[in-house]
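Q: As they're listed, the protein sequences go chains R and X. Final position of the first sequence in the numbering used here is 673; the numbers increase by one with none missing. Final position of the second sequence in the numbering used here is 264; the numbers increase by one with none missing.
Take these hints with a grain of salt, some might be off.
What the hints assert, rightly or not - Restricting the straight-line Cα-Cα distance to at most 20 Å, the calculated cross-link-like pairs of lysine to aspartate or glutamate (EDC-like) are: (1) R:K509 / X:D262; (2) X:K22 / R:E546; (3) R:K654 / R:D634; (4) R:K569 / X:E103.
None of these hints come from the bench; they were simulated from the model. Keep in mind that this is a model prediction, so the values were computed, not measured.
One letter stands for each residue in the lines below.
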Amino acid sequence: MADKGKDKEGNIVVKTEGLVKFYGKNKALNGLSMNVPERAIYGLVGPNGAGKTTTLGILSTFIRPNSGSVEIYGNDIIKEPEKIRGLIGILPQRAEFYANRTALDIMTFYSKLAGLNGKEAFENADRLLDKVGMTEHKDKKMKEMSHGMFKLMGIAQTLIGNPKIIMLDEATSGLDPKVAYNIRKLVRELKKDTTIIFSSHNLYEVEDLCDYVGIIHNGKIIAEGRTKSIVKKGKSLEKVFMEKMEE
Amino acid sequence: MAYISKGVWTIFLDEFIESLKTRKALAIIISYLFLMFIGIKVGSVFEIFAWALAGSRQSFSILLPYYISVGLLPLFSIIISYNLISEEISGGSIKFMAYRTDRLSILGGKILSSFVLSAMMIFIAYATALFYVHSKNGLWFFIPYLVSWIYLSIYAFCFICLTVAVSMVARTPSASIIWSLLVSILFLVAMNFNYISFFSPFYFSTKALDYLIKGISLNMILGLNVLLLHTLLYFLISFAVLKKSDLD
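Looking at chain X on its own, in the form it has when it is part of the complex:
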């Protein structure tokens, strides 16, 4: 166990630091923060309309950033993680790690680095929003923003694991990004079908709104658990494929 955790930690730290140096990660973080800031700014301007909407107890400053995140995070998660393992496999660099540590550590460390990067990005956006909204309207949305941050981080984590699972089968970075986008589109289409929609992470993307709008936490907790279940499933698929794969 200690052997695995040391490997995970070493790979996580290295991958995280290296990913912060890439233009891709910087472009994603800047784009996300920019679009979120626009959402928060527009939200705080139209704050008054929210109160008129069916007695909603929450504001546009909460809903707009949330909807923006729900739309952007799957795409950003795919872009962050499509080459996480596939590039190592196609270039062969995974071999230099694979005879020094086990494959679970490689997978765990790399996925964890993307998760922390996404969670950090979402955190910065919401922390900025918290103080911005307070300075504009005098409101503190501490709990709604905390809930949004946790829920959206798990939502992004789910898509990171999904992308890695797809990339384990696709093997090359270009095939990985194409297949990950196609699978995500399939999940979007699945939303239109009653029972199949339960298998789509998108279906659970807005369950936190039940808490943010109506104050009902049961659906949100259920949604969070199902997203975690999806994440675990994709991780196990990735691990099973990587463990069985020949690194030739």
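Okay, chain R solo, but in the shape it has when bound:
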């Protein structure tokens, strides 16, 4: 494990230690520990079923771990979940928007839930949809939208309430190259004021986009650190990843 504690990018703002999660007899997380520095793009990579979505689920207060600890900006996720909720935005891998409602309507509702009043919520929704390039589609119903627009809408809703940490679970999977490129561009822009945890299967994308990377396998982080320090001596992240899988 490299680059623990204080870091050039900033303080460690997400810290997990020894996370364990069981689904029945299946151990999804097996003592996972990770450290995410402030204002970094942290790539979480691993094979299917490695525990990426479960980790993000725990960080988002959706899933309770069986044991272990999580601190986000010094707040304990079990004891102070309401404080955590004010700090995060998440695009879950498996979550649908209301099919019969428009993007603007849904965004206004989530803005109200985040504490804004009617007019503020509407203006905020409009501004955020504009920010992700969905102005033309804001009055479309979700059932009329493409997969790419759905993901952009997903990112737009993570920005409500100016979160300090944004988690994107497979944000670019299944997208055409142009939309995927736009999302990566957007993520780079967001990095200026936000910490981003970016889970992906696409190792080339993670290598290109992320300042830090955590390789997860069998519910554990098996390598973590600056992308540059993990990918060294002319190797690609893919090569390192394959080597780690075989160890």
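Chain R is fixed; fit chain X onto it per the hints.
A: For chain X alone, coordinates are given in the frame of chain R:
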């Protein structure tokens, strides 16, 4: 507390407005109003027979709508609320709310919207009945209709909470509606057994009749309290399950 109440209010308002736009809610409201109107019309025609029945001080215009409601409201409550939470969980949309507010607010707001929708529907039916009966027979049934409205609204609320509690365990909308209907049938069957019948909300469904027919309010107050107790129990079960559930 303010955090919870703001969340409840936001979700309630959104859910209520959205539910009014659905065909399902409109179909239920229209069906209920139509059947109630038939009941009131028939009741006012046969008004005279009520006076001949054991000196009953109340009329068919009160009893018939009440019996129709007792029969229909459990079914309508199930149809209104079976997918209230289960659809959010199975589709994953609950996650977008769950990291913005607490789960108590989500549950409270959604259940409240169904309760208000049912209470509003029953109110419209009885308000229409009040003026219709007055125009036909010159009678004002203000108090009996007010009592019927309050009692039946709580009765519907009880079945809404029961359905949500069942759906929390069933998780998917299709399983929720099947299990809610099965549990309701079980409660109906339980009416045939002396002590078990106390655990069935159906047993307390007609307790308001003691007041409407005989003018005795004690049984009605007892029935209302037990229905509220059932409602609270189902709500707490729903909340406990939702709080402990992983949204994966």
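Q: If you test the structure against every hint from before, which numbers come out violated?
A: none
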